[in-house]
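Chains A and B supply the protein sequences, listed in that same order. Under the working numbering, think of the first position of the first sequence as 221, with each following residue one higher. Under the working numbering, think of the first position of the second sequence as 221, with each following residue one higher.
Bear in mind the hints are in silico, worked out from the structure with no lab data behind them. One or more of the hints may lead you astray.
Which copy? The list can't say, so a pair holds if one copy fits it or any two copies do.
Taking lysine-lysine pairs in the DSS-like style, the calculated list, with each CA pair at most 30 Å apart, reads [unchecked claim]:
no.	residue 1	residue 2
1	Lys264	Lys303
2	Lys559	Lys491
3	Lys559	Lys264
4	Lys617	Lys349
5	Lys491	Lys473
6	Lys297	Lys540
7	Lys559	Lys349
8	Lys349	Lys402
9	Lys402	Lys559
2 protein chains.
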Amino acid sequence: MNKFRFAVILEDKSSLARLGEIHTSHGTIQTPAFVPVGTQATVKSLTPEELSTLGVEIFIVNTYHAYLRPGMEVIKKFGGLHKFMNWSGPLITDSGGFQVFSLGRKNHQIEVIKSKLSVNERPVGDLVKIDADGVTFTSHWDGSLHRFTPELAMQLQWQLGSDIHIAFDECAPYPSTHENAKEALNRTHAWARRCVVENHKLRITNYNRTFQALYGVVQGGIYRDLREQSADYISSLDIDGIAIGGVSVGESKQEMRDVCDWVIPRLPDDKPRHLLGVGEIDDIFEVIERGVDTFDCVQPTRLARMGILFCSNYPKNTKKYQFDIARKIYADAVEPIDKNCSCYTCTHFSRGYIHHLFRVRELLGYRLATIHNLQFINQLLKSISRSIQSGNYQDFKRNFLNA
Amino acid sequence: MNKFRFAVILEDKSSLARLGEIHTSHGTIQTPAFVPVGTQATVKSLTPEELSTLGVEIFIVNTYHAYLRPGMEVIKKFGGLHKFMNWSGPLITDSGGFQVFSLGRKNHQIEVIKSKLSVNERPVGDLVKIDADGVTFTSHWDGSLHRFTPELAMQLQWQLGSDIHIAFDECAPYPSTHENAKEALNRTHAWARRCVVENHKLRITNYNRTFQALYGVVQGGIYRDLREQSADYISSLDIDGIAIGGVSVGESKQEMRDVCDWVIPRLPDDKPRHLLGVGEIDDIFEVIERGVDTFDCVQPTRLARMGILFCSNYPKNTKKYQFDIARKIYADAVEPIDKNCSCYTCTHFSRGYIHHLFRVRELLGYRLATIHNLQFINQLLKSISRSIQSGNYQDFKRNFLNA
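The task is simple: from the sequences and hints, build the whole structure.
Listed below in structure tokens is the structure:
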């Protein structure tokens with residue numbers, strides 16, 4: 221039954237970067253890998269075939285969203301997310317924790333509302349109530365009341381049938397005092413233990429199903445002592461991989477890098493490491509050379525739908541590696557988004573046409589942009605992997621960043 | 221240079237239906253053919269490759285829309301619509317007339333506004349002013365003032381580079397008195413003459429470009445004498461094909477059929493006939509057996525984006541041949557939209573998944589639905605053509621309609 225296996229293939233000489241393979245029941249992921257986000261059981265605008273063509277080997281679906289819609293009864297009838305979405309490759313689900321906190325939390329403040337209003341009168345998504353046992357929250361769709369516990373988060377992910385599950389954690393808001401961050405961390409650790417116990421039970425109950433791996437989550441905010449304590453504690457649990465959470469909720473990029481520097485050297489070498497919610501273009505080198513194997517981020521696909529396109533030969537007066545296709549100067553541009561890109565969009569369409577599609581808000585525009593941004597990031601990761609293989613990662617990085 | 225040629229391959233024994241081929245510089249269209257609408261230089265949500273896979277051999281782009289956005293300077297720089305959209309097959313453009321009238325006309329009444337407001341103060345798209353020479357109108361985008369004449373409509377279509385152009389016509393509102401319809405018809409005929417003259421000039425000027433055909437437009441509202449007069453007059457002009465207009469602006473389906481019955485027997489057999497703006501599922505048999513070769517309609521693609529999906533085994537309590545995928549009863553349905561359909565959507569996804577995509581408003585839903593509706597209609601047309609070939613059109617029709 222245990223088809224989950226992680227192998228380090230090659231370690232970079234100049235950094236903590238490493239090439240690896242995560243073997244799952246649904247196929248193998250070559251690492252380092254960018255994990256696109258398929259929040260509502262779809263990577264927005266793309267088919268599973270297109271994802272495969274783009275070299276996507278795994279994506280992440282949000283448990284919170286799947287739980288609310290289509291709902292678990294539907295997922296169970298289909299026998300899990302894979303069949304529901306018709307995606308045959310590996311899949312991660314998160315624990316639901318991050319969404320419960322972030323969607324319920326306005327301006328990054330937990331509002332513990334002892335509301336006397338009925339559920340129907342409460343503002344949608346406006347209640348998050350944490351206790352030692354779990355979290356009570358309202359649906360962002362209809363304001364209905366729900367409750368997640370570590371045990372339920374495990375049960376839901378087993379029903380979703382993803383290849384990699386994430387333990388239920390409390391993602392403390394940013395900024396948090398040391399005291400608050402510590403309190404949240406203690407809860408996260410207690411919940412992690414309960415997740416491991418529940419996961420064992422579920423593995424026994426579901427012994428005839430394909431193996432589903434469990435990653436624990438390292439938290440601790442921006443406090444080094446808490447992060448180190450968390451790294452050690454989570455590493456000690458009976459889990460298959462380690463996720464690093466809470467680095468995308470408002471920290472600066474430097475703080476995100478610090479967290480990786482504190483945490484990753486303390487993690488076991490033989491388990492895959494996933495960084496939750498990170499993946500802007502300028503983060504990629506930083507996280508890979510700190511020893512991250514996989515990382516997910518909505519940004520490449522979300523930016524695409526806003527018309528912000530990645531580009532190696534980006535115009536000089538714009539942000540590095542990207543430009544806004546909706547700007548007037550692209551209206552009659554006959555060249556592709558990126559002349560160095562081999563994606564479907566760049567080999568078939570001009571900047572001018574894509575500018576037009578965005579300007580008149582045509583559906584095809586969002587799709588062509590998403591294809592390009594995902595291809596760009598996957599192409600970059602392939603090039604990085606090749607440079608590690610051939611021992612010239614630092615040269616490649618320098619050339620790319622100075623281009 | 222003249223690569224435009226129409227050939228009738230086979231005439232049905234039991235009706236005026238006929239199989240034909242329209243040869244253009246960009247390829248051949250097997251008729252009868254449904255012509256999808258690519259209003260803003262894109263058939264919403266689909267790539268050119270997907271259209272080809274669906275058996276789409278030609279689609280129509282609206283001159284009015286292309287003229288406003290991206291605008292003719294952009295189109296000229298790209299060398300026409302084909303290169304702009306990366307579509308290598310045949311293409312129709314309309315004259316802009318229908319859009320000018322329908323977008324400018326609120327509640328189907330022509331408002332001839334002698335406004336004293338400046339352009340910026342006028343309601344967007346609220347002005348249509350017709351005179352003998354042409355039409356002045358405001359952009360639905362920004363309220364800016366524009367003017368189309370028959371000559372300009374021809375020039376624009378030559379710049380767009382479509383394979384089939386439509387003469388500039390006045391589409392009278394519905395209902396119109398006989399007097400008003402006659403007045404509009406006289407203008408349409410005068411404009412048709414001017415289109416033919418201008419088209420001759422443009423053909424000489426553009427002698428080294430690929431041939432672009434001109435269709436005249438038969439108008440006359442719901443008045444038999446006017447329609448017959450128009451059929452005779454338009455047939456007498458030096459044109460390559462004949463379009464029938466004004467049958468989708470509010471007439472009943474019976475009136476649309478009457479118009480075809482009055483007009484088509486008076487048209488020359490050796491020219492292709494296009495019915496403008498018609499193509500609901502239950503219209504298809506009606507127009508084909510009245511001798512229509514091609515017909516365009518936004519409905520199959522627009523319905524798709526509303527979640528109304530075509531189906532041969534449609535549920536018994538719904539409208540014939542279609543159902544609303546957003547209804548709750550489809551939430552956990554594991555079967556495809558149509559078990560008899562071989563499209564990408566039906567061979568890969570369930571009703572339940574597509575229901576979910578529509579319920580949470582995911583982009584992929586609009587696309588999968590569009591693929592299905594276009595495949596359904598093209599599959600139906602193929603079956604009709606085969607039944608004509610094998611001499612059992614009436615049997616096929618009876619079986620399909622009673623299924």
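Hint check results:
no.	hint	in the structure
1	Lys264 / Lys303	both (18 Å within a copy, 27 Å between copies)
2	Lys559 / Lys491	neither (38 Å within a copy, 45 Å between copies)
3	Lys559 / Lys264	both (25 Å within a copy, 26 Å between copies)
4	Lys617 / Lys349	neither (45 Å within a copy, 62 Å between copies)
5	Lys491 / Lys473	within (25 Å within a copy, 68 Å between copies)
6	Lys297 / Lys540	between (46 Å within a copy, 29 Å between copies)
7	Lys559 / Lys349	neither (51 Å within a copy, 47 Å between copies)
8	Lys349 / Lys402	within (18 Å within a copy, 72 Å between copies)
9	Lys402 / Lys559	neither (49 Å within a copy, 56 Å between copies)
Checked against the numbered hints above, the structure violates hints 2, 4, 7 and 9; every other hint is satisfied.
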